[in-house]
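A.B. asks: Residue strings, one per chain:
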Amino acid sequence: MINFLKFRPVYFLISLLVIGFGLFSIIRWGYKYSIDFVGGTSLEYQLNKKIQEQAVRNIFSGNKIEVVGLTIKNNILTVRTKTIDENREQVLKKDLEKKFNMKIKTLKSETVGPTLGRETMIKTMIASIIAIIGIMIYMNIAFKSLHFALSAILAMIHDFLVVVGSYSLLSHFFGAEVDTMFVTAVLTTMSFSVHDTIVIFDKIREYKSFGERIDIEEGANKAITETMVRSLNNSMTIIFMLLALTLLGGNMIRFFVVTLLIGTVTGTYSSPFVATPILVWLEKKSRKQ
Amino acid sequence: MNKIKLLTFLLFFLLILWIDLPENFTIKIPYGKKQFVYTVNPLKINFQMGELKIVREFKTKLGLDLQGGSHLLFEADISKVKQDDLTDSLNSARNIIERRVNFFGVSEPVVQTVKSGNIYRISVDLPGIQNVDEAIKLIGRTAQLTFKEIGSSEVTVATDSPLFLRVNKQTGLTGKHIKKASTTFDPQTGQPQVSLNFNDEGAKLFSVITARNVTKPVGIFIDEIPISIPTVQQPITDGNAVITGNFTVDEAKKLAIAINSGALPLPVKLVEQRSIGPTLGEVEVRKSVYAGAIGLFMVLLFMVLYYGRLGMISSIALIIYGLITLAIFRSIPVVLTLPGIAGFILSIGMAVDSNILIFERIKEEMRRGKDMDIAIKLGFGRAIDAIKDANITTLLVAFILFNPLNWEFLPQFGLVRGFALTLAIGVATSLFTGIVITKRLIEVFYKQK
Numbered sequence: 280m281i282n283f284l285k286f287r288p289v290y291f292l293i294s295l296l297v298i299g300f301g302l303f304s305i306i307r308w309g310y311k312y313s314i315d316f317v318g319g320t321s322l323e324y325q326l327n328k329k330i331q332e333q334a335v336r337n338i339f340s341g342n343k344i345e346v347v348g349l350t351i352k353n354n355i356l357t358v359r360t361k362t363i364d365e366n367r368e369q370v371l372k373k374d375l376e377k378k379f380n381m382k383i384k385t386l387k388s389e390t391v392g393p394t395l396g397r398e399t400m401i402k403t404m405i406a407s408i409i410a411i412i413g414i415m416i417y418m419n420i421a422f423k424s425l426h427f428a429l430s431a432i433l434a435m436i437h438d439f440l441v442v443v444g445s446y447s448l449l450s451h452f453f454g455a456e457v458d459t460m461f462v463t464a465v466l467t468t469m470s471f472s473v474h475d476t477i478v479i480f481d482k483i484r485e486y487k488s489f490g491e492r493i494d495i496e497e498g499a500n501k502a503i504t505e506t507m508v509r510s511l512n513n514s515m516t517i518i519f520m521l522l523a524l525t526l527l528g529g530n531m532i533r534f535f536v537v538t539l540l541i542g543t544v545t546g547t548y549s550s551p552f553v554a555t556p557i558l559v560w561l562e563k564k565s566r567k568q
Numbered sequence: 313m314n315k316i317k318l319l320t321f322l323l324f325f326l327l328i329l330w331i332d333l334p335e336n337f338t339i340k341i342p343y344g345k346k347q348f349v350y351t352v353n354p355l356k357i358n359f360q361m362g363e364l365k366i367v368r369e370f371k372t373k374l375g376l377d378l379q380g381g382s383h384l385l386f387e388a389d390i391s392k393v394k395q396d397d398l399t400d401s402l403n404s405a406r407n408i409i410e411r412r413v414n415f416f417g418v419s420e421p422v423v424q425t426v427k428s429g430n431i432y433r434i435s436v437d438l439p440g441i442q443n444v445d446e447a448i449k450l451i452g453r454t455a456q457l458t459f460k461e462i463g464s465s466e467v468t469v470a471t472d473s474p475l476f477l478r479v480n481k482q483t484g485l486t487g488k489h490i491k492k493a494s495t496t497f498d499p500q501t502g503q504p505q506v507s508l509n510f511n512d513e514g515a516k517l518f519s520v521i522t523a524r525n526v527t528k529p530v531g532i533f534i535d536e537i538p539i540s541i542p543t544v545q546q547p548i549t550d551g552n553a554v555i556t557g558n559f560t561v562d563e564a565k566k567l568a569i570a571i572n573s574g575a576l577p578l579p580v581k582l583v584e585q586r587s588i589g590p591t592l593g594e595v596e597v598r599k600s601v602y603a604g605a606i607g608l609f610m611v612l613l614f615m616v617l618y619y620g621r622l623g624m625i626s627s628i629a630l631i632i633y634g635l636i637t638l639a640i641f642r643s644i645p646v647v648l649t650l651p652g653i654a655g656f657i658l659s660i661g662m663a664v665d666s667n668i669l670i671f672e673r674i675k676e677e678m679r680r681g682k683d684m685d686i687a688i689k690l691g692f693g694r695a696i697d698a699i700k701d702a703n704i705t706t707l708l709v710a711f712i713l714f715n716p717l718n719w720e721f722l723p724q725f726g727l728v729r730g731f732a733l734t735l736a737i738g739v740a741t742s743l744f745t746g747i748v749i750t751k752r753l754i755e756v757f758y759k760q761k
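Note that the protein sequences, when read in sequence, are chains A and B. Just so you know, the working numbering puts 301 at position 22 of the first sequence, and the rest follows in order with no gaps. Just so you know, the working numbering puts 737 at position 425 of the second sequence, and the rest follows in order with no gaps.
I should point out that these hints are in silico values taken from the structure, not numbers from a laboratory. Some hints could be false.
Under the rule of at most 25 Å between Cα atoms (straight-line distance), these lysine-lysine pairs were calculated in the BS3-like manner [to be verified]:
(1) A:K487 - B:K682
(2) A:K343 - A:K311
(3) B:K675 - A:K487
Based on the sequences and whatever the hints tell you, model everything.
C.D. replies: Okay, structure coming up:
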């Protein structure tokens, strides 16, 4: 048995640093939002030759279309603009084709009104809160103690903060956008987090049921030690999968997969090093009384 | 007894494989100098017994983000509709849009009404459609019912050309002059017919038109398609008319609905439009499947290297797991979107986890000096608790996100629900394979030793 819990201050410091840095980034830089959340038009055109970015921009301003962002990479033109309708897009496309004398293929064209994203976000949040209550009730029954449920939920909130914070960094430095895929990744992280925590808690529950002979701290240490191999192996397999998807998968899902990767790492980390110390603390506190 | 069990298992497995077969997959078997070429397809059920008819195809359905196509979301303006008529108008607007979309020749469009607070929306998914502007125009179109009479310029169209070509002059009477259309029955013959009830302006127009066309045909057109071209017997002044024809009751009903719905009962505004070209989705799918396969291979390799024989067994169990899940996706069928695939990957991760949990428990029991047989039994029993609790909480989350009762305060849009659905199916299947199949496999392989 390794006395993992001895290093509680270290775990606390690590979590504090990671979350603190993330929160700093959220306050300092915020996020880049996709049109899912703020509305607007997003276009992706396949070009068949190299063209000058400035010339493209001129065509947009000639059409009185306000450009939010514009890149040309590998002959793919990606543009974000204020909301324009289908007709104006057609005119724009024709203008581009005429000016550069080429055929343009539309890869993607999306227009979203601004209210929808907020609505999806609010609804997802309500769903998450209901899910949290559901988890609390279930764990309360399965583990016959509110402490287990509470610690698992706190660890989940920890993971939520880590993912949300690091995404702000990804957003600032690599241009990742907050979109529905990001919401999905956050949800995935949250359910994985609880899933992972329960495995360790199951062990602690087992030791607890042996009676009072074992101190809760000792039981928790034993449980962490015994599940460590499993935790590492398990994250390893998920990380293999996600690494393959990050390196070889399509562009559309890159940031999504990176977010899942962060979520998996923090989800695995938080079970022994956040949820378990909180549980031990709660149990000890209630025993003293 | 065991043979029967094994046989059932094999049959089940073959059925799964059959459902999972790739489409139009060609097998070439060289035999001496000849070569036999077979093309296989996934299972197709075309079954008829008396009244019962089952036609079912098992194919992977891809969402708009993977297959390409357009998603349109309209917001209904309900300010001019009475509260009581709201549901009716919305449903009829939905039906009209669906009909127009079908007219456009889209395969498997999905048209739904979505309520959210005081906002009513109609979402339209058009797989494979590229020129959205045409679709948008088609959906937003109004008043397509027209009445026509024989044009005066008989020069351009010969008198012996079909009737509907000769009836080509607009009378100015259109669908907006109709108060109501309903199905009635001819009191003499009992034949179903469609009764039209004009508004005041329409009644006046109709009486003028019929007065000048006595003994001549007047055509009723919907979307420029001739529906009925009756010959006027006498001027009609009371603002009522009937359309007769060789209708069945069903046809008459449809026609009445069609006329009633000439215009959308409430104005709609386009608030969201997404179209994805087929190439983008195709590239994404190909890359992701390739990456997923490599990732899975690495996972299996890791399991075999670390757990040896047990790892081998769990690799087999995992492959069976993947095949069963795919078969379920194809049977329901589940529309696969990018978030849906994410849910599936997460569930694979959880399935691997179940296996690792079981193995670690077995190893633990063996370290305590138990026999392999007993260690397997005990290990399974102990691991099941953790697997059960962990998976049930995940199922719970998936269930709430999927929002099966379509509550308006929970997510109603496709992406989050697609994720929740594949996650739920994946986790439920992994509970089954993790417990039943892995255990069976271990028993089979270890007892032979």
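A.B. asks: A separate judgement is required for each hint: does it hold in the structure or not?
C.D. replies: Hints and how they fare:
no.: 1; hint: A:K487 - B:K682; verdict: 23 Å, holds
no.: 2; hint: A:K343 - A:K311; verdict: 24 Å, holds
no.: 3; hint: B:K675 - A:K487; verdict: 22 Å, holds
Against the hints set out earlier in the document, no violation occurs for any number.
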